[in-house]
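*Asks:* Sequence:
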Amino acid sequence: MINITFPDNSIKNFENNPSGMDVAKSISDGFARNCVAMKIDERLLDLNQTIKEDTSISFITAKDDEGLEILRHSSAHVMAEAVLNIYTDAKLTIGPVVEDGFYYDIDMDPISKDDLGAIETEMKKIIKAKNTFERNVVSKEEALEIFKDNPFKLELINELDHTQEISLYRNGKFIDLCRGPHIPHTGMIKGFKLLKISGAYWRADQTREQLQRLYGISFFDKKKLNKYIHLVEEARKRDHRKLGTRLDLYSFHDEAAGMPFFHAKGVEIWNALLEYWRDEHRAAGYVETKTPLMLNRKLWEQSGHWENYRENMYTSVIDNEEYAIKPMNCPGGMLLYKTKAYSYRDLPLRAGEVGLVHRHELSGALSGLFRVRAFHQDDAHIFMTPDQIEEEVLGVLKLSERIYSRFGLNFHLELSTRPKKSIGSDEQWESATNGLKAALELYGLEYVINEGDGAFYGPKIDIHIKDALGRTWQCGTVQLDMALPERFDLTYKGKDNEKHRPIMIHRVIYGSLERFFGILVEHFAGKFPLWLAPVQAILLPINQDLADYSEQIKSKLETCKIRCEVDKRSETLKKKIRDAQLNYIPLIITLGDKEKESETLSVRTLDGKVRMGLSMDEFVKSVSHHIKERTLDEAIL
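Residues in the sequence shown are numbered consecutively from 253, following the numbering used here.
By construction, these hints were calculated from the structure, which means they are not laboratory data. Please read all numbers here as calculations on a predicted model, not as lab measurements. Heads up, a few of these hints could be off.
[What the hints assert, rightly or not] Straight line, CA to CA, 30 angstroms or less: simulated DSBU-like cross-link-like pairs of lysine-lysine:
hint, residue 1, residue 2
1, 291, 382
2, 445, 425
3, 365, 405
4, 827, 861
5, 718, 315
6, 779, 494
7, 846, 828
8, 542, 813
9, 861, 779
10, 880, 808
11, 494, 376
12, 779, 826
13, 550, 751
14, 590, 650
15, 377, 405
16, 494, 826
17, 291, 425
18, 489, 826
19, 400, 377
20, 405, 343
21, 808, 751
22, 365, 475
23, 880, 848
24, 445, 377
25, 291, 277
26, 489, 718
27, 448, 377
28, 494, 828
29, 494, 517
30, 479, 442
31, 291, 315
32, 448, 479
33, 672, 291
34, 479, 718
Sequences are here, hints too, so could you generate the full structure?
*Replies:* So, in C-alpha cells, the structure goes:
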C-alpha cells in the first residue's frame, strides 16, 4: 500500500505503485486533464513517473506559472524537432525557457522570418500527434554514443562526471538531453507562435560558432495567444525608438553608440521630469549635489568597484595616473560626506544627484533608450543612525509611490538578498536584510524575496513598475549599505559623544532617466499628459494674414509658461489639424478673423472636444492649473 498525502493533509491509499497521473485521476478526470506535472519533496517530476513509497504530493496545473514554464520548455523541444525534420543537417545546442517564451540555439545555415511559417506547420503536425514525453536515464557512455554526431551535445556531456544523472527525453522520434519535467503530451500546446530569429554565439563566446536563435511563445489556451499577439502588436506601435523619431524627441548615431542625442522637444520633456523630481525631493527633505564625471582609480579600489565592476568601466590615464569614468555616483557621495563633521542631530542626511554615468555594454545588447552606455541616474544617498533605518526606507517607498502614481504607474516589490560575489561581514548583511524586511512589513504592501540578487555591497528592495500594457520594468531600488561607510571611514558623533558609523541607503526612483523616458513614451504611446507634452498648444491661423496675430497670442501664452508653436505652413486647416493630432499636441487652437475680433480662442483637444469662444484668461487659468498640478486628466477645458 502506498499512502499519498495531499496539500490539505488528506491521505489516499493506492494498492499498486501509482503514477502521478493515476493520483491526479483519483481526484477527477477533469482535474487530471489540466495537470502538467507533480511536485514531490520539492522536486518537479513528470506525471508518468511512478511513486514507490509513501509521500506528500502537490500538482502543477495549467493555471500555475510553473505549469506555463513547463509547457514552454516542451514547446522548445517541439520546435527543435520540427527544425530537424526540415533541416536535416542542423545541430541542436540548448533550448531554455526565458521570461517571455522560449528559444533554441541551433547550428544551421541562416534562415529568415519567412521560413518560420514552414517550421510552424511542422510543429502543428507534431502537436496534433499528441506524442508523449518519455524520460530515460542513461550512463555517460550511452549518452556519448547517442549524440556522437552532435559536437555541442558531446561538449555538454563530457563536462559531466560519472556520478551525475544524465536524463534524456523522447517525444515521437525526437530525443534530447534534458532534466525535465515535461507536459504529458504535445497536444497540450493549444496556442503557439514563432516570433523571431537572431544570431547567437555558442555559450555567448564570440570566438565560438555562430548559431541561429529561434524564439517562440506558447500557451495552454489559444485565446491567451491571441491576447499576447495583440499586446505585441500594440507594443510595436508604441516602440519608443520609432515614436521618438516621429515625434522628434531623440536620435541615435553610430558616432556615439549607446549614447542618445536628445532633440529640443525631447529636452522639454527631460526638463519637466527633472523639475518634478526636484520639487518632490525638496519637499521630502533632500538636498541636491553634483560630483565629477571622472575619478581616480584609488577611489574605485577603495569603494570595491575596481574589483567587482572593472569590466563595465571606461578608463583613461591623466598625468600618468589611471582614472575611471564613473559607472555610479556612490563613491563621490562618500567624499562629499567626509567634507564635514556630523552629529547624530544632523542625521538623516538625504543627498540626491542626477549624475551622468557610463557603463560598458556589448554593442549587440544596446536597445534604444532601454539599454545604453551613457545615462543619468537619479541617485540619492541617505546617511542615518541605525534607529532611523525603518523610517527612512519607508520614506523612500512612499516617495516612490507618489512619483510613480503621477504617471499612472502601479508597482510591486522584491527583496533581493546577498549574492555570491559581495563585500561586508555576515553580521552586516543579516542586520541590513532584517532592516529592509522590517520596513517592508510596516509599509504593508506584499513583496517577494529574490534570493541572491542583491548588490555586491548590500541587500536591496527592487521596485517593478507596470505600464499601460501590463509590462513590468525594474526602475526603482532601495539598497541598504553598511560596507561603504566602513570602507570610507564615515563617522558621526553620537549622543555619547563618541564616533559611530552611519548606515547608508543608496536609492533611485526613475533609475536611468533615459530608460524611464523610453518607458513613458511607450506607456503613453507618445500622447503625453499636458504637463509633460513638449508642445502643449499649437496655434493654427486659417490664413497668412493672421500669422502675426498668432505670434502675439503665442508670446502671451509663453509668458504664462505654456509651451506652444505656430503652424505657418501654407496648408489647409484640415491638414494642419490632422498633423497636430498625429503629433499628439494636447491643445489645438484655431485662429480666424472671428476669434481675432472677439479676442477669443477656438480650442480642440485630443479627446475630440471643441470649445469655441473661450477667453484668453479662461483658457490660461484652466491650462495653467493642469500644468501646475501635473494631472493625467484629459479633460483640460
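*Asks:* Would you mind marking each hint as holding or not holding in the structure?
*Replies:* Going through the hints against the structure:
1. 291 / 382: Measuring from Cα to Cα gives roughly 23 angstroms; hence the hint holds.
2. 445 / 425: Holds - the C-alpha atoms of residue 425 and residue 445 are around 22 angstroms apart, at most 30 angstroms.
3. 365 / 405: Holds. Residue 365 to residue 405 sits at ~26 angstroms (cutoff 30 angstroms).
4. 827 / 861: holds, 18 angstroms
5. 718 / 315: holds, 22 angstroms
6. 779 / 494: With Cα atoms ~14 angstroms apart, residue 779 and residue 494 stay inside 30 angstroms; holds.
7. 846 / 828: holds, 19 angstroms
8. 542 / 813: Since the Cα atoms of residue 542 and residue 813 sit roughly 28 angstroms apart, the hinted pair holds (cutoff 30 angstroms).
9. 861 / 779: holds, 16 angstroms
10. 880 / 808: With a Cα-Cα distance of about 18 angstroms, the restraint between residue 880 and residue 808 holds, given a limit of 30 angstroms.
11. 494 / 376: violated, 34 angstroms
12. 779 / 826: Answer holds: residue 779 to residue 826 is near 20 angstroms, not above 30 angstroms.
13. 550 / 751: holds, 25 angstroms
14. 590 / 650: Status holds; Cα separation ~29 angstroms.
15. 377 / 405: With a Cα-Cα distance of about 26 angstroms, the restraint between residue 377 and residue 405 holds, given a limit of 30 angstroms.
16. 494 / 826: Satisfied, since the Cα-Cα distance of roughly 25 angstroms is no more than 30 angstroms.
17. 291 / 425: Since the Cα atoms of residue 291 and residue 425 sit roughly 28 angstroms apart, the hinted pair holds (cutoff 30 angstroms).
18. 489 / 826: holds, 25 angstroms
19. 400 / 377: holds, 28 angstroms
20. 405 / 343: holds, 9 angstroms
21. 808 / 751: Not OK: residue 808 and residue 751 at ~58 angstroms, beyond 30 angstroms, violated.
22. 365 / 475: It holds: about 24 angstroms lies between the C-alpha atoms, which stays within 30 angstroms.
23. 880 / 848: holds, 28 angstroms
24. 445 / 377: Measuring from Cα to Cα gives roughly 14 angstroms; hence the hint holds.
25. 291 / 277: holds, 16 angstroms
26. 489 / 718: The given pair, whose Cα atoms are some 18 angstroms apart, holds under the 30 angstroms limit.
27. 448 / 377: Judged against 30 angstroms, a Cα distance of about 21 angstroms means the pair holds.
28. 494 / 828: holds, 22 angstroms
29. 494 / 517: With Cα atoms ~15 angstroms apart, residue 494 and residue 517 stay inside 30 angstroms; holds.
30. 479 / 442: It holds: about 14 angstroms lies between the C-alpha atoms, which stays within 30 angstroms.
31. 291 / 315: The given pair, whose Cα atoms are some 15 angstroms apart, holds under the 30 angstroms limit.
32. 448 / 479: Answer holds: residue 448 to residue 479 is near 18 angstroms, not above 30 angstroms.
33. 672 / 291: Since the Cα atoms of residue 672 and residue 291 sit roughly 28 angstroms apart, the hinted pair holds (cutoff 30 angstroms).
34. 479 / 718: OK: residue 479 and residue 718 at ~17 angstroms, within 30 angstroms.
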